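2 protein chains.
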Amino acid sequence: MADYEKEIRALVEGWARAVHDGDLETVLAAHADDIVMFDVPPPHRGVRGLAAYRETWPAFFEWQRQGAVFDIESLDVTAGADVAFAFALLRCGTPEEFAEAPDRRLRLTLGLRRDDGRWVVAHEHHSFAIT
Amino acid sequence: MADYEKEIRALVEGWARAVHDGDLETVLAAHADDIVMFDVPPPHRGVRGLAAYRETWPAFFEWQRQGAVFDIESLDVTAGADVAFAFALLRCGTPEEFAEAPDRRLRLTLGLRRDDGRWVVAHEHHSFAIT
Numbered sequence: 009m010a011d012y013e014k015e016i017r018a019l020v021e022g023w024a025r026a027v028h029d030g031d032l033e034t035v036l037a038a039h040a041d042d043i044v045m046f047d048v049p050p051p052h053r054g055v056r057g058l059a060a061y062r063e064t065w066p067a068f069f070e071w072q073r074q075g076a077v078f079d080i081e082s083l084d085v086t087a088g089a090d091v092a093f094a095f096a097l098l099r100c101g102t103p104e105e106f107a108e109a110p111d112r113r114l115r116l117t118l119g120l121r122r123d124d125g126r127w128v129v130a131h132e133h134h135s136f137a138i139t
Numbered sequence: 009m010a011d012y013e014k015e016i017r018a019l020v021e022g023w024a025r026a027v028h029d030g031d032l033e034t035v036l037a038a039h040a041d042d043i044v045m046f047d048v049p050p051p052h053r054g055v056r057g058l059a060a061y062r063e064t065w066p067a068f069f070e071w072q073r074q075g076a077v078f079d080i081e082s083l084d085v086t087a088g089a090d091v092a093f094a095f096a097l098l099r100c101g102t103p104e105e106f107a108e109a110p111d112r113r114l115r116l117t118l119g120l121r122r123d124d125g126r127w128v129v130a131h132e133h134h135s136f137a138i139t
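Residue numbers (our numbering), protein chains in the order written: chain X, 9 to 139; chain V, 9 to 139.
If you are wondering where the hints come from, they were derived from the structure by calculation, not from laboratory data.
It should be emphasised that the depicted structure is a prediction, and the values quoted were computed from it without experimental measurement.
For each residue, glycine too, the CB sits at the ideal point set by N, CA and C.
Watch out, some of these pointers could steer you wrong.
Stated by the list, open to error - Pairwise CB distance ranges, derived in the manner of DEER restraints:
id, chain 1, residue 1, chain 2, residue 2, range
1, X, 112, V, 82, 26 to 36 Å
2, X, 106, V, 13, 36 to 46 Å
3, X, 51, V, 73, 22 to 32 Å
4, X, 73, V, 58, 39 to 49 Å
5, X, 36, V, 62, 19 to 29 Å
6, V, 81, X, 64, 33 to 43 Å
7, V, 18, X, 103, 46 to 56 Å
What the hints assert, rightly or not - Calculated Cβ distances over 12 Å to all of chain V for the following chain X residues:
id, residue
8, 14
9, 39
10, 73
11, 88
12, 112
Throw the hints in and build the complete structure from the sequences for me.
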C-alpha cells in the first residue's frame with residue numbers, strides 16, 4: 009500500500025495548504041458527503057455532512073488573516089486496501105499564541121475510505137490538549 | 009467487511025467497559041506496541057508507545073471513583089480489509105460536570121490495523137470541544 013500512503017500524504021498536505029490559503033473549493037475537494045468532523049469548538053456531537061463542514065471554514069479563514077499559521081509538523085499515514093487513517097500535529101495559531109504556549113499543537117486525525125477509485129476523507133477530528 | 013465491523017464494535021465496547029471498570033489489562037489487550045494517543049490533557053505531541061499509554065490510566069481510574077461515567081452514546085465503524093477507523097461520542101464526566109454542561113461529550117477517534125489476524129488499536133484521539 010506504499011502508493012496509497014503516498015497518495016494520502018499528498019492529499020492531506022494539499023488540503024492543509026488550501027486551508028492556509030483560504031481556498032475553500034480545494035479544502036472540500038476530497039471530502040465525503042457524509043463527513044463527520046469533531047472540530048475544536050462545539051457542536052459537541054460533531055459537524056455532520058459536507059454542507060455543514062463547508063460552513064465552518066469562512067470564520068477560520070477570517071481568523072487566519074490575523075497572521076495565524078496552519079503548518080503540518082508531522083504526519084503519519086496507515087493505508088490499507090480500501091480504508092485508511094492518518095494523524096498529524098500542526099502548528100496552528102497566531103504569533104501571540106505561540107509566544108504564550110510554544111509547545112501547543114493542533115492534533116488532527118483523519119479517517120479515509122476509497123470510493124470509486126479515489127480516496128475521500130470521511131472523518132476529521134481536530135483538537136488541542138486541555139491544560 | 010460486515011464481520012470486521014461487528015468485531016471492531018465489540019472490541020471498542022469491551023474496551024470502554026474495561027475503562028469504566030478500571031480493568032487495566034483489558035484496556036491494553038488490543039493495543040499496538042506503537043500506539044500513539046492524543047489524550048485530553050498534554051503532552052501536546054501525544055502519548056507514544058504502549059508503556060506510556062499504560063501510565064496514563066491509573067490517574068483516570070482514580071478520577072472515575074468520584075462517580076464519573078464513561079459510556080458510549082454512539083459509535084461509527086468503517087472497516088476495510090486490513091485497516092479501519094471508528095469514531096464515538098461518550099458521556100464522560102461527574103454528575104456535577106453534567107449538571108453544568110449537559111451536552112458536553114467526549115469525542116473519540118480510533119485507528120486500527122489488522123496484525124496477524126486480529127484487529128489492534130494503533131491510534132486514539134480523545135478530546136472535548138473548547139467552548
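Structure versus earlier hints, numbers of those that do not hold, lowest first: 5, 6, 11 and 12
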